[in-house]
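Enquirer: The residues making up each chain are set out below.
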Amino acid sequence: ILNVEQSPQSLHVQEGDSTNFTCSFPSSNFYALHWYRWETAKSPEALFVMTLNGDEKKKGRISATLNTKEGYSYLYIKGSQPEDSATYLCASRSYNTDKLIFGTGTRLQVFP
Amino acid sequence: DAMVIQNPRYQVTQFGKPVTLSCSQTLNHNVMYWYQQKSSQAPKLLFHYYDKDFNNEADTPDNFQSRRPNTSFCFLDIRSPGLGDAAMYLCATSRDGGRGGAVDTQYFGPGTRLTVL
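These protein sequences, in sequence, are chains X and E.
112 is the number that this note's numbering gives the last residue of the first sequence; the numbers go up by one with no jumps.
117 is the number that this note's numbering gives the last residue of the second sequence; the numbers go up by one with no jumps.
Some hints here could point you the wrong way.
Distance condition first, Cα-Cα at most 30 Å in a straight line; then the derived DSSO-like pairs of lysine-lysine [unchecked claim]:
| no. | chain 1 | residue 1 | chain 2 | residue 2 |
| --- | --- | --- | --- | --- |
| 1 | X | Lys59 | E | Lys52 |
| 2 | X | Lys69 | E | Lys44 |
| 3 | X | Lys78 | E | Lys52 |
| 4 | X | Lys42 | X | Lys99 |
Rather than coming from a laboratory, the hints here were simulated on the basis of the structure.
Here the structure is a predicted model, which is why all the values come from computation and not from measurement.
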């Protein structure tokens, strides 16, 4: 994988459903993986940054895992609420650069 | 609250008419970035400043320029906007871009949506 890829592109769920989506990134020279939440008309907000293989981070009902050997990260939302509706972006950074490479995002809509 | 502010939030310009987008920060961060995000695409880094040092991405068109007169402000100038330059422009800051060895988070403004008529 040369680029950062996210799937699915969009997701519609009912309030209370749990959901997860994927970020795939180049595993060679991996340094860090960032997750951002971007609500409409607001600034992208940093959720997590992860560096070590097997890292797990949690913030309320949202958690993320990291597999640096195979180059993927999962973001989980337990019991989705309408306020979770946003675009979730991931970005990867390699050792040889201070640049973040973003994916296209997963757009989540949670219906009451 | 410390933050990253972008003005204007929406900008309409005419084909070929120069436009300037503004970004300011109260975080006192060393690094300021400009990203372009076109519809359904990933945010793409155009350039960044580390303090006063300008770092241009190799594939950023010459039509795009930037100025950073002081720590707090950074401007994106589009000299002759084309229809293909219509996009969301995001400004971000970070403390040191990770150059100190630690992982560094980027803090974003809400973006300026540029329309070119």
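Enquirer: Now tell me if each hint is right for this structure.
Expert: Hints, one by one, checked against the model:
| no. | hint | in the structure |
| --- | --- | --- |
| 1 | Lys59/X with Lys52/E | violated (36 Å) |
| 2 | Lys69/X with Lys44/E | holds (25 Å) |
| 3 | Lys78/X with Lys52/E | violated (44 Å) |
| 4 | Lys42/X with Lys99/X | holds (23 Å) |
Of the numbered hints listed earlier, those contradicted by the structure are 1, 3.
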